Amino acid sequence: MSDARNPCDPSVGPPLAGGPQLIGETAGRQAAALQESAGLRPSNDSPLNDSRCDEFLLLNRLPARAAHRTLRAWWDAQTWDFRTESGWDYERLAEGLAAFLSANEAVAGVPLLRSLEVRRGRDKDGQPEKFDLFFKPGDVVCLVGPTGAGKSRLLADIECLAQGDTPTGRTVLLDGCAPDPDSRFTGEGKIVAQITQNMNFVMDLAVAEFLRMHAESRALAAPEAAMQRVLEAAIRMAGEPFGPETPLTQLSGGQSRALMIADAAFLSPKPVVLIDEIENAGVDRTRALEFFVDQGKIVLLSTHDPLLALSGARRLVIRNGAVQMVIEPSPQEEANRLHLAALDRRLAGLRERIRLGGRLDEPWETLLGVGTNAIEQQPLSPGTSRANLGSQ
Amino acid sequence: MKLVTVAGPPSSGKTAVILKALAHLQREGRRVGVVKFDCLSSHDADLFRTADIPVITGLSGNFCPDHYFITNIEDCAAWGRRLDLDLLVSESAGLCNRCAPHIRGHLAVCVLDHLAGVHTPRKIGPMLKTADVVLVTKGDIVSQAEREVFAFRVRQVNARARLLFVNGITGQGSWELSRLFDGAPDDAPLTGGRLRFSVPAAVCSYCLGETEIGEDHQHGTVRKIQIEEASRV
Numbered sequence: 132m133s134d135a136r137n138p139c140d141p142s143v144g145p146p147l148a149g150g151p152q153l154i155g156e157t158a159g160r161q162a163a164a165l166q167e168s169a170g171l172r173p174s175n176d177s178p179l180n181d182s183r184c185d186e187f188l189l190l191n192r193l194p195a196r197a198a199h200r201t202l203r204a205w206w207d208a209q210t211w212d213f214r215t216e217s218g219w220d221y222e223r224l225a226e227g228l229a230a231f232l233s234a235n236e237a238v239a240g241v242p243l244l245r246s247l248e249v250r251r252g253r254d255k256d257g258q259p260e261k262f263d264l265f266f267k268p269g270d271v272v273c274l275v276g277p278t279g280a281g282k283s284r285l286l287a288d289i290e291c292l293a294q295g296d297t298p299t300g301r302t303v304l305l306d307g308c309a310p311d312p313d314s315r316f317t318g319e320g321k322i323v324a325q326i327t328q329n330m331n332f333v334m335d336l337a338v339a340e341f342l343r344m345h346a347e348s349r350a351l352a353a354p355e356a357a358m359q360r361v362l363e364a365a366i367r368m369a370g371e372p373f374g375p376e377t378p379l380t381q382l383s384g385g386q387s388r389a390l391m392i393a394d395a396a397f398l399s400p401k402p403v404v405l406i407d408e409i410e411n412a413g414v415d416r417t418r419a420l421e422f423f424v425d426q427g428k429i430v431l432l433s434t435h436d437p438l439l440a441l442s443g444a445r446r447l448v449i450r451n452g453a454v455q456m457v458i459e460p461s462p463q464e465e466a467n468r469l470h471l472a473a474l475d476r477r478l479a480g481l482r483e484r485i486r487l488g489g490r491l492d493e494p495w496e497t498l499l500g501v502g503t504n505a506i507e508q509q510p511l512s513p514g515t516s517r518a519n520l521g522s523q
Numbered sequence: 022m023k024l025v026t027v028a029g030p031p032s033s034g035k036t037a038v039i040l041k042a043l044a045h046l047q048r049e050g051r052r053v054g055v056v057k058f059d060c061l062s063s064h065d066a067d068l069f070r071t072a073d074i075p076v077i078t079g080l081s082g083n084f085c086p087d088h089y090f091i092t093n094i095e096d097c098a099a100w101g102r103r104l105d106l107d108l109l110v111s112e113s114a115g116l117c118n119r120c121a122p123h124i125r126g127h128l129a130v131c132v133l134d135h136l137a138g139v140h141t142p143r144k145i146g147p148m149l150k151t152a153d154v155v156l157v158t159k160g161d162i163v164s165q166a167e168r169e170v171f172a173f174r175v176r177q178v179n180a181r182a183r184l185l186f187v188n189g190i191t192g193q194g195s196w197e198l199s200r201l202f203d204g205a206p207d208d209a210p211l212t213g214g215r216l217r218f219s220v221p222a223a224v225c226s227y228c229l230g231e232t233e234i235g236e237d238h239q240h241g242t243v244r245k246i247q248i249e250e251a252s253r254v
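Protein sequence lines, in the order shown, are assigned to chains A and B.
Numbering-wise, the numbering used here comes out as the position in the first sequence, counting from 1, plus 131.
Numbering-wise, the numbering used here comes out as the position in the second sequence, counting from 1, plus 21.
The hints are simulated quantities; they were obtained by calculation from the structure and are not laboratory data.
Note that the coordinates shown come from a computational prediction; the quantities given were computed from them, not determined experimentally.
Beta carbons: idealized from backbone N, C-alpha and C, even for Gly.
One should not assume that every hint holds.
Residues from chain B that keep clear of chain A, each with C-beta distances beyond 10 angstroms, as calculated [unchecked claim]:
id	residue
1	ALA72
2	ARG143
3	VAL157
4	GLN177
5	ASN179
6	ARG183
7	GLN193
8	TYR227
Coverage of chain B stretches by chain A, computed from C-beta distances (three or more under 8 angstroms per stretch; other residues unrestricted) [claimed, not checked]:
id	stretch
9	50-58
10	85-99
11	130-140
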């Protein structure tokens, strides 16, 4: 039934009214397949023989397993009181165990994205948009335009994989095809990670503990190594150093932004990253972009920061709800970008001096290097050349 | 008429999310209504009325909220049918996490919010475990990483539900939710149907209004905590 659906038809709801338990057809099939693959169909007996199973019992505050090799044997060994009063019955327990074990497999299957297309829609007056957009892994594209111009709407269209059913009428294609309609209706099916100025860490955990938790949820082969990589990248980006034992909630604005960026680059499975204004955060922005490019992410950056805007392979000028212009940096802009980058490093140096209790009492020319050849005084590392920041 | 049960901890954003999703359906000409089950007081009826949504408020007062829900839901559904509604949403706050208002054959939605912390999915009982759709709200103010961990933790207790991130303020995700509401089963039987999870077995003197403390006042089904004595050295 779901196969016959036209994914571009907004009037078609997702397949929901399936069986009596109301599992969406595809989701149900997936769950069943997962349970089968794990050998864990709830109706039959379930093996209870590894540390993941022990973890399940522990998390649910259930008695530990002794010599039992199956869930049924474990259940039968419990006292009558426990079996009647614990709030569990065997079926529910088997289902819970299957859910717990399959959570890992569900996150493991993250699809690779080779291209993202946004087919033109219409502006706020209903006039057709001028451009179709095409993004590939490693692209950094900036969105510019005043507040209310429609930047958020474009990001939202990508986020919800619009199929001509949003106010803009845009259509999003993944690898040239309309996305599986089902994937629009699950959080895991979404392809987009978001970083905005409003986001905070709210968990009461140390940095390392939290990263371990995130790595664990990704079922990575080497969670410790992944964790280490995020931590190192975040510290390199942040102005001030912090350690693995620092509580998340004590990170400064710049530090937590740096950690969010490093985490989105290295630990998040999402192939597309939407970033809303990271300029004020005290983060090495050029380096942040490099991390995303190196990881093959598609980055959409809503920004008015000149350095970031010139760092992108393109910038989309948004006006009246539509993309009005696509600008590629000119050779002059490219040259100016290098000057801006040098200026940015100078400013970072001044910030560092202030932080250490220093004074800025030199003559203006020596202080900022304005008028002297800033670029030659501070040679560019090869990593900051635009070639690494993706091109058409 | 479709009947959808929406449950979630207090202040998780149930009302805001329902309002946003129903607005999409109203624009498409669907007739929608809401029953709000609460314990002591509720002012949400005004919000629904402002949005032109007919609403009933049911306050359970002295009664167990879930018993109150299940003994009244049929009458509420009959009211909805008299109004010729296409969709009736039953909204109730899960208070002790022991029960769930979800009914077999009817779309069941659980609302959680990110600020409650990553351990929440493991503390919420059948309200989450038996749901078809899990909505997670307030994602705009927590990090992407926390959202992903939260989703994973939800998956660990409910492998088959659809998991959606919804924002009750901006409406992000509410369009997707309105599609799920619209795809809910139509005219599923209520009378003779079953709850997905039983309500508590206990009926004790305190259920019936007793307030005095002490063994002499404990009648009915009573369960005692088991305390292991610390061994003295």
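We went through each hint and held it up to the structure:
1. ALA72: Non-interface label on B/ALA72 holds, nearest chain A Cβ at 19 angstroms vs cutoff 10 angstroms.
2. ARG143: The claim is violated: B/ARG143 sits with its nearest Cβ about 6 angstroms from chain A, within 10 angstroms.
3. VAL157: Violated, since 7 angstroms does not exceed 10 angstroms.
4. GLN177: Violated, since 4 angstroms does not exceed 10 angstroms.
5. ASN179: violated, 6 angstroms
6. ARG183: Given a closest Cβ separation of 5 angstroms, the condition is violated.
7. GLN193: violated, 7 angstroms
8. TYR227: The claim holds: B/TYR227 sits with its nearest Cβ about 18 angstroms from chain A, beyond 10 angstroms.
9. 50-58: n = 0 at 8 angstroms, threshold three: violated.
10. 85-99: Check failed, 0 qualifying residues.
11. 130-140: holds (count 4)
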